[in-house]
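*Asks:* So you can see what is in the structure, the chains are spelled out below.
There are 2 protein chains.
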Amino acid sequence: MDSIKIGMLGLGTVGKGAYKIIASNAEMIDRKVGSHLEFVKILVRDQNKDRGIDLDPNLLTTDPADILDDPSIDIVVEVLGGIHPAMDYSLKALASGKSLVTANKDMIAEYGKELFAAAETGGADLFFEGSVGGGIPIIRPLKNCLSANRIMEIMGIINGTTNYMLTKMTKEGSDYNQILREAQDKGYAEADPASDVEGYDAARKLAILASIAFNTRVTLNDVYIEGITRISAKDIEYARELNYTVKLLGIAKDTPEGIEVRVHPCFIPYSHPLASVNDVFNAIFVRGDAVGETMFYGRGAGEMPTGSAVAADIMDAARDKLRHTQGINCTCFDHKPLKPMGSIESKYYIRIMVQDKPGVLASIAYAFGDKDVSLASVLQKHTEGNMAEIVLVTHRVLEQNLQNAILMVEQLSSVGKVHNIIRVEGEL
Amino acid sequence: MDSIKIGMLGLGTVGKGAYKIIASNAEMIDRKVGSHLEFVKILVRDQNKDRGIDLDPNLLTTDPADILDDPSIDIVVEVLGGIHPAMDYSLKALASGKSLVTANKDMIAEYGKELFAAAETGGADLFFEGSVGGGIPIIRPLKNCLSANRIMEIMGIINGTTNYMLTKMTKEGSDYNQILREAQDKGYAEADPASDVEGYDAARKLAILASIAFNTRVTLNDVYIEGITRISAKDIEYARELNYTVKLLGIAKDTPEGIEVRVHPCFIPYSHPLASVNDVFNAIFVRGDAVGETMFYGRGAGEMPTGSAVAADIMDAARDKLRHTQGINCTCFDHKPLKPMGSIESKYYIRIMVQDKPGVLASIAYAFGDKDVSLASVLQKHTEGNMAEIVLVTHRVLEQNLQNAILMVEQLSSVGKVHNIIRVEGEL
Numbered sequence: 001m002d003s004i005k006i007g008m009l010g011l012g013t014v015g016k017g018a019y020k021i022i023a024s025n026a027e028m029i030d031r032k033v034g035s036h037l038e039f040v041k042i043l044v045r046d047q048n049k050d051r052g053i054d055l056d057p058n059l060l061t062t063d064p065a066d067i068l069d070d071p072s073i074d075i076v077v078e079v080l081g082g083i084h085p086a087m088d089y090s091l092k093a094l095a096s097g098k099s100l101v102t103a104n105k106d107m108i109a110e111y112g113k114e115l116f117a118a119a120e121t122g123g124a125d126l127f128f129e130g131s132v133g134g135g136i137p138i139i140r141p142l143k144n145c146l147s148a149n150r151i152m153e154i155m156g157i158i159n160g161t162t163n164y165m166l167t168k169m170t171k172e173g174s175d176y177n178q179i180l181r182e183a184q185d186k187g188y189a190e191a192d193p194a195s196d197v198e199g200y201d202a203a204r205k206l207a208i209l210a211s212i213a214f215n216t217r218v219t220l221n222d223v224y225i226e227g228i229t230r231i232s233a234k235d236i237e238y239a240r241e242l243n244y245t246v247k248l249l250g251i252a253k254d255t256p257e258g259i260e261v262r263v264h265p266c267f268i269p270y271s272h273p274l275a276s277v278n279d280v281f282n283a284i285f286v287r288g289d290a291v292g293e294t295m296f297y298g299r300g301a302g303e304m305p306t307g308s309a310v311a312a313d314i315m316d317a318a319r320d321k322l323r324h325t326q327g328i329n330c331t332c333f334d335h336k337p338l339k340p341m342g343s344i345e346s347k348y349y350i351r352i353m354v355q356d357k358p359g360v361l362a363s364i365a366y367a368f369g370d371k372d373v374s375l376a377s378v379l380q381k382h383t384e385g386n387m388a389e390i391v392l393v394t395h396r397v398l399e400q401n402l403q404n405a406i407l408m409v410e411q412l413s414s415v416g417k418v419h420n421i422i423r424v425e426g427e428l
Numbered sequence: 001m002d003s004i005k006i007g008m009l010g011l012g013t014v015g016k017g018a019y020k021i022i023a024s025n026a027e028m029i030d031r032k033v034g035s036h037l038e039f040v041k042i043l044v045r046d047q048n049k050d051r052g053i054d055l056d057p058n059l060l061t062t063d064p065a066d067i068l069d070d071p072s073i074d075i076v077v078e079v080l081g082g083i084h085p086a087m088d089y090s091l092k093a094l095a096s097g098k099s100l101v102t103a104n105k106d107m108i109a110e111y112g113k114e115l116f117a118a119a120e121t122g123g124a125d126l127f128f129e130g131s132v133g134g135g136i137p138i139i140r141p142l143k144n145c146l147s148a149n150r151i152m153e154i155m156g157i158i159n160g161t162t163n164y165m166l167t168k169m170t171k172e173g174s175d176y177n178q179i180l181r182e183a184q185d186k187g188y189a190e191a192d193p194a195s196d197v198e199g200y201d202a203a204r205k206l207a208i209l210a211s212i213a214f215n216t217r218v219t220l221n222d223v224y225i226e227g228i229t230r231i232s233a234k235d236i237e238y239a240r241e242l243n244y245t246v247k248l249l250g251i252a253k254d255t256p257e258g259i260e261v262r263v264h265p266c267f268i269p270y271s272h273p274l275a276s277v278n279d280v281f282n283a284i285f286v287r288g289d290a291v292g293e294t295m296f297y298g299r300g301a302g303e304m305p306t307g308s309a310v311a312a313d314i315m316d317a318a319r320d321k322l323r324h325t326q327g328i329n330c331t332c333f334d335h336k337p338l339k340p341m342g343s344i345e346s347k348y349y350i351r352i353m354v355q356d357k358p359g360v361l362a363s364i365a366y367a368f369g370d371k372d373v374s375l376a377s378v379l380q381k382h383t384e385g386n387m388a389e390i391v392l393v394t395h396r397v398l399e400q401n402l403q404n405a406i407l408m409v410e411q412l413s414s415v416g417k418v419h420n421i422i423r424v425e426g427e428l
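Protein chains in written order, with the numbering used here: chain A, 1 to 428; chain B, 1 to 428.
No lab work stands behind these hints: they were computed from the structure.
Virtual Cβ for every residue (Gly too), placed ideally from N, Cα, C.
Warning: the hint list may mix true and false statements.
For the chain B half of the interface with chain A, some residues (derived, Cβ under 7 Å), not all of them [to be verified]: (1) Ile21; (2) Lys32; (3) Ile136; (4) Ala148; (5) Asn149; (6) Ser276; (7) Tyr297; (8) Gly298; (9) Ala311; (10) Thr325; (11) Phe333.
Distance windows between CB atoms, simulated [what the hints assert, rightly or not]: (12) Asp185/B x Phe333/A: 45 to 51 Å; (13) Leu398/B x Arg240/A: 42 to 48 Å; (14) Asn221/B x Asp56/A: 42 to 48 Å; (15) Ser24/A x Leu398/B: 41 to 47 Å; (16) Ser24/B x Cys332/A: 19 to 25 Å.
If we strip away everything but chain A, and leave its shape as in the complex, we get:
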């Protein structure tokens, strides 16, 4: 049987990972697929750069046409990242009937619809298991294994950088800026960390998961986003005192009033399966109407884990080519409305600096009561000078009511500053 021919666009971390895995496990992989997987061209910027991997230099090209216009190429692997030129190349590959494997969350989260349409037209596969959770199987389990379920909820730790940072802050009691510098030194955070610490990376992944889980198109713009930049050592200390741990979660819910999709820091109880997911590990918790609670855990990034997902997608695309068939295409056949953020319900942790004098707590409690926010617990700590810190945890309330109460509290003359508001999730 002829080999299955692969062209790869890019040879960065993920591309190298996929290449190495398919090279080192070639015999097993070829037996599983029923044909030889052969890389025939790899697009790079600089053909002479030393990449530290064993590679025939003739494989490298700087001209995308060597891949996109080669009719013998069956599968295009896009690992350039970013929207341009990845998107143009991907559309072109799909339109000409080449199956596309990508780990490009930016592109899938924003242009999944267009890419699926091109795959449909071209009769090709579009696989992107590596775009969420690195090596963790999650896209295919949602599309296949859990496909008979109405998925009600997804809660995920889907950004390794911030989970590493929050874990370190929790273990060491250190503050955000110190830990960020350490993470940057170790290569776990980028020099410009915004995409991770401000929640955009997680939001892209959540949009992809929600689209598949709820059968409705969710894009990056639909996701409410808060990052971890305001989390302080104090918040983490109070969390511990209240038996919670702090995690940056992507949360997606399918409710009768619409879809909730939000990325923000959360307090979750120690007993929740996600609470013990530490360091750079990711985990995605999925609740379905039939299956109940499931969770998928593993390494959410890196050369070999993400390479593992890309290599598996290549194998599946190859099998489909050999069988002249196609995998599951777009399943966003519904058009579910987005639920406005003010309509979500949650418990909230609120940390407020106030003047340490009689009547302050009463006036704060009055403001919450006035806006229909009932309080579950109150901690008051004397801090410095004539200021005291008050920590409140609410019962489950409407976000809009909470925000109204906070506005009212901020008007109180005895209130110095509302330092932080963090949602409390995952209580079973």
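On the provided structure of chain A, position chain B as indicated by the hints.
*Replies:* What follows is chain B alone, placed relative to chain A:
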């Protein structure tokens, strides 16, 4: 488009679950599949029994030929359980080109090879996601998402009954027999609990997982099996003292000297991801050469969770029928030898009753040293009369050396009884 026609053999717990899920989520499921899934016949023993589900009585039949000989039926769902007559019916269905969906671990663990051969001949699918881990996606993730990896190790809590019992014993300090009675009262354990508590159920599931993970046929007879019947409240108490928790694990490893497949109670450190998997939950930990550590968690049994897996398999089989293609068939193309149990390496916990007199510990320590078993820790407790209890934990040693040392210890005049030997696993 015509509907996809399903015949189901059996309407017990799992069959009812699959039927209910496909009925209640019909609209979504049909859109995903691209055709209507229609149950046309269901084999039962008694057509008049009240099953508490909404079902057209004309669907029921007591004659298997109404399903197996009906050429219009595309997919046969086998949920009878046991080997006979499930195996005959399944072979017949596959041979005539009907795809087979089953959750029957007994049949797959013993006759997977024969069933795959029949599927190949008939050009049909053979899917069995529900046979391991109930609703947890694990078979398809291994066959697809992780397929580029050389899987090195699987460690799983794959029997809910024993995990429930061990969790209760740990939380309450109660003894085995009391907890077994409670589990039986609650319906978590069968009247005859042997298959669960003696480890056979877990062993069947492990054989299935190992066959897929290592690409070599592993059957029930290949699995070394110890159940939980000898675990006492004392063992659990000592485990806690040593920072371990007790779990019944299925462990499969692919080593240069052959395949290890074993089911037995283990001490695992609290920090291991499997340690916090409690009650009836299952979890399967998989280590691959590229992906590193992954874990899959969820409800390992029950009408709706296992029904979820069966319903998803039906959907995949239906898609394949519509596309005139087949899913992944047998991948056991290797013939790896089994590693003899004496050649495995582990740490061991050993609890021994001895005479409380000078020199006893020295003679025991001598016996272990003589057989090349080095000790990591020793606890000695005075218990009753002139007898004392000694608890030893070894370093990593050869099983054969450990067994030789135990034989030697049992000969010592000062040793009353070796109460228990439990392997210590999962230290990273």
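*Asks:* Against each hint, give a clear statement of whether it holds in the structure.
*Replies:* Hints versus structure:
1. Ile21: holds, 5 Å
2. Lys32: holds, 6 Å
3. Ile136: holds, 6 Å
4. Ala148: Since the shortest Cβ distance to chain A is 3 Å, the answer is holds.
5. Asn149: Asn149/B check passes; min Cβ-Cβ to chain A is 6 Å, inside 7 Å.
6. Ser276: holds, 6 Å
7. Tyr297: Holds - the Cβ of Tyr297/B comes within 7 Å of chain A, reaching about 4 Å at its closest.
8. Gly298: holds, 4 Å
9. Ala311: holds, 3 Å
10. Thr325: It holds, given that the least Cβ distance between Thr325/B and chain A is near 4 Å, below 7 Å.
11. Phe333: Phe333/B check passes; min Cβ-Cβ to chain A is 5 Å, inside 7 Å.
12. Asp185/B x Phe333/A: 45 to 51 Å: holds, 46 Å
13. Leu398/B x Arg240/A: 42 to 48 Å: With a Cβ separation near 44 Å, Leu398/B and Arg240/A satisfy 42 to 48 Å, so the hint holds.
14. Asn221/B x Asp56/A: 42 to 48 Å: Distance hint for Asn221/B, Asp56/A holds at roughly 47 Å.
15. Ser24/A x Leu398/B: 41 to 47 Å: violated, 30 Å
16. Ser24/B x Cys332/A: 19 to 25 Å: Given about 21 Å between the Cβ atoms, the range holds.
Checked against the numbered hints given earlier, this structure breaks only hint 15.
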